[in-house]
Amino acid sequence: MIRRLLIVNRGEIALRIVRAAQEAGLISIVAHSEADVDTLAVQRADEAVCIGPAQAAKSYLNIPAILEAAKACQADAVHPGYGFLSESADFARAVKDAGMVFIGPDADIIARMGDKAMARQTAIEAGVPVVPGSPHAVNDVAEALKVVEGVGFPLLIKAAAGGGGRGIRVAEDSDALTKQLPLAQAEAQAAFGDGRVYLERFIARARHIEVQVLGDGKRAVHFFERECSLQRRRQKVFEEAPSPALNDVTRKAICDSAVALAEHVGYLGAGTLEYLFDDTTNEFFFIEMNTRIQVEHPVTEMVTGVDLVREMIRLACGQPLRMAQEDIALKGWAIEMRINAEDPDRDFFPSPGSVAKLTWPAGPGIRIDSGLYEGYKMPPFYDSLVAKLIVWDEDRESALKRAGRALDEFHLEGFATTASLHRRLVEDPQVKRGAIDTAFLERWLAEPASNRATVKEVIDEQ
Amino acid sequence: MAKQTIQAPFPGVFYRKPSPDAPDYFEEGQVVQVGDVIGLIEVMKQFVELKAEVSGTLLHFSADNEAVLEAGDVIASVEVNE
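These protein sequences, in sequence, are chains A and B. For the first sequence, position 25 matches number 25 in the working numbering, and the numbering has no gaps at all. For the second sequence, position 74 matches number 74 in the working numbering, and the numbering has no gaps at all.
Hints listed in this document are in silico derivations from the structure and should not be mistaken for laboratory results. Treat the numbers as computed from the prediction; the structure is a model and nothing was measured. Beta carbons are placed, not taken as given, at the ideal position from N, Cα and C, and that holds for glycine. Errors might be hidden in some of the hints.
[Stated by the list, open to error] Below, simulated DSBU-like cross-link-like pairs (lysine-lysine); rule was C-alpha separation at most 35 Å, straight line:
hint, chain 1, residue 1, chain 2, residue 2
1, A, K401, A, K377
2, A, K377, B, K17
3, A, K179, A, K236
4, B, K51, A, K179
5, A, K377, A, K58
6, A, K96, B, K45
7, A, K146, A, K179
8, A, K179, B, K17
9, A, K179, B, K3
10, A, K331, A, K401
11, B, K51, A, K236
12, A, K236, A, K377
13, B, K51, A, K71
14, B, K3, A, K357
15, B, K45, A, K432
16, A, K357, B, K45
17, A, K218, A, K71
18, B, K51, A, K58
19, A, K58, B, K45
20, B, K45, B, K17
21, A, K377, A, K357
22, A, K218, A, K331
23, A, K377, B, K51
24, A, K252, A, K71
25, A, K146, B, K45
26, A, K236, B, K17
27, A, K401, A, K432
28, B, K45, B, K3
29, A, K236, A, K331
30, A, K331, A, K432
31, A, K377, A, K71
32, A, K377, B, K3
[Stated by the list, open to error] Residues from chain B that face chain A, not an exhaustive set, calculated with beta carbons under 10 Å:
hint, residue
33, F10
34, Q46
35, V68
36, L69
Kindly produce the complete structure, drawing on both the sequences and the hints.
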């Protein structure tokens with residue numbers, strides 16, 4: 001068993017892991033940059049260690065500096081959180097080679113599932129449906145045009161090494177494909193140092209549904225799905241569990257497929273399998289696997305009652321899964337709203353600043369994961385996510401109402417946030433009906449403001 | 001001839017060049033026109049172009065490449081063309 005856990009991350013997830021470590025009786029040590037000396041995670045941790053200057057490349061992504069700090073503070077395990085080095089096979093390997101436990105799967109599984117083309121191949125081997133497309137990376141236009149015969153248009157051209165929505169182009173027809181393919185290859189080479197691209201069918205109105213799994217290297221179980229279709233620039237904004245789009249039969253099929261894939265690779269730790277779901281045909285297609293804890297893991301914790309971060313620490317220490325599939329039940333509905341320091345009225349421009357006043361919502365069914373506190377000055381160097389407001393209630397309709405109530409109680413002075421966007425979203429008739437797809441939010445934001453304006457605003461304009 | 005300063009409109013990291021291997025957008029002493037990009041400011045993982053709002057001679061950069069700026073910090077001074 002481990003005793004001293006080094007947390008190599010920042011913000012709300014560093015604090016989340018500090019809390020899990022403390023509950024597990026571990027000494028929590030937060031590795032932080034010079035810009036993050038005064039974060040709540042650092043204050044709440046048992047110990048803290050500075051790993052370098054503000055820029056992530058010199059601190060949170062600096063493997064030698066992190067290993068040195070780990071040695072200096074006698075850490076025996078490392079939790080990478082999400083983002084930064086959480087899906088770096090090199091980092092996982094380096095941690096293990098230094099004699100510590102990496103809280104995540106083995107480096108070779110991270111490498112295998114992190115490469116989109118290899119992950120896709122692995123899914124096919126495990127019998128999991130994938131989006132129709134090229135079986136391997138395509139080398140040239142002639143090969144691409146051959147793939148089209150079986151797949152049809154429109155197509156996506158995706159960089160094998162891409163991620164987070166980067167490195168993707170759409171081709172509507174053969175002419176577009178002929179033009180776009182070399183550009184996509186050059187772009188992938190420039191952006192990721194890897195020019196391989198592959199093709200897949202573009203599903204016009206797809207939902208993003210993902211399945212949470214835990215594995216102990218032999219056996220895997222699922223914790224049902226999350227729906228994350230509300231996205232802006234391919235970044236998730238609002239997530240919920242379960243998905244309003246699945247019936248029981250489809251839910252079982254998609255979740256069972258996730259377990260099959262996790263067991264096929266001997267997965268260890270917490271992982272998420274992302275799918276595109278076409279609700280006109282009820283088809284689901286595996287797109288990628290994230291081999292780490294995810295931002296939106298709390299909604300799964302709320303509807304299953306399982307602490308995923310606690311479990312991933314246990315699993316990394318070699319303990320077997322504590323639960324069988326039939327022990328995991330879905331109860332109620334949970335919603336997560338990402339509160340970003342961005343101004344929805346100024347095209348989501350970043351709005352860093354200091355927290356002048358802060359009141360969190362409270363009461364039944366409310367969970368806040370955030371590193372904010374009054375007086376905290378947000379550094380401009382990192383991601384704009386500053387809080388996750390999570391609500392649970394017995395069903396979706398009640399959860400949306402509770403979300404609105406929670407947002408009304410939430411009060412922050414000092415900078416603009418996306419809370420106002422969520423307040424409007426939870427009242428939207430289409431959101432209420434669950435009639436959403438991955439392009440919904442961008443269409444909704446592009447609508448003339450008058451369509452969504454409050455009565456008062458309309459009167460002011462007249 | 002009036003001297004005018006270019007200030008950081010928001011906090012962030014200032015870059016004098018579009019990418020680490022590229023040359024600087026402008027050297028001191030060069031002439032800039034309204035709308036010319038003279039640097040980038042990175043704030044919360046977004047890069048925003050900093051544009052000259054006046055035409056004239058770029059006299060001096062007060063902010064180094066990769067300098068961490070607060071809103072209002074002076075980045076450069078320009079001698080404005082009358």
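Checking one constraint from the list: CA of K252 of chain A to CA of K71 of chain A, max 35 Å. Satisfied? With a Cα-Cα distance of about 45 Å, the restraint between K252 of chain A and K71 of chain A is violated, given a limit of 35 Å.
Does the structure keep K3 of chain B and K357 of chain A at a Cα separation of 35 Å or less? violated (39 Å)
Check the hint pairing K401 of chain A with K377 of chain A against an upper bound of 35 Å on the C-alpha distance. holds (32 Å)
With 10 Å as the cut and Cβ atoms as the points, is F10 of chain B at the interface with chain A? holds (7 Å)
Mind checking the alpha carbons of K236 of chain A and K331 of chain A for me, to see if they're no more than 35 Å apart? holds (23 Å)
Is it true that the CA of K218 of chain A sits at most 35 Å from the CA of K331 of chain A? holds (27 Å)
Is the hinted pair K45 of chain B and K3 of chain B satisfied, with a Cα-Cα distance of at most 35 Å? holds (32 Å)
When the nearest CB of chain A is found for L69 of chain B, is that gap smaller than 10 Å? At 8 Å from the nearest chain A Cβ, L69 of chain B passes the 10 Å test, so the hint holds.
Would the pair K51 of chain B and K71 of chain A pass a check requiring their Cα atoms to be no farther apart than 35 Å? This hinted pair is violated, its Cα atoms lying about 46 Å apart.
Proposed proximity, K58 of chain A with K377 of chain A (alpha carbon, max 35 Å): Between K377 of chain A and K58 of chain A the Cα gap is close to 21 Å, so the pair holds against 35 Å.
When you check the alpha-carbon spacing of K51 of chain B and K179 of chain A, does it fall within 35 Å? holds (33 Å)
How about V68 of chain B: closest beta carbon in chain A under 10 Å, or not? holds (7 Å)
Checked against the numbered hints given earlier, this structure breaks hints 9, 13, 14, 24, 25; the rest are met.
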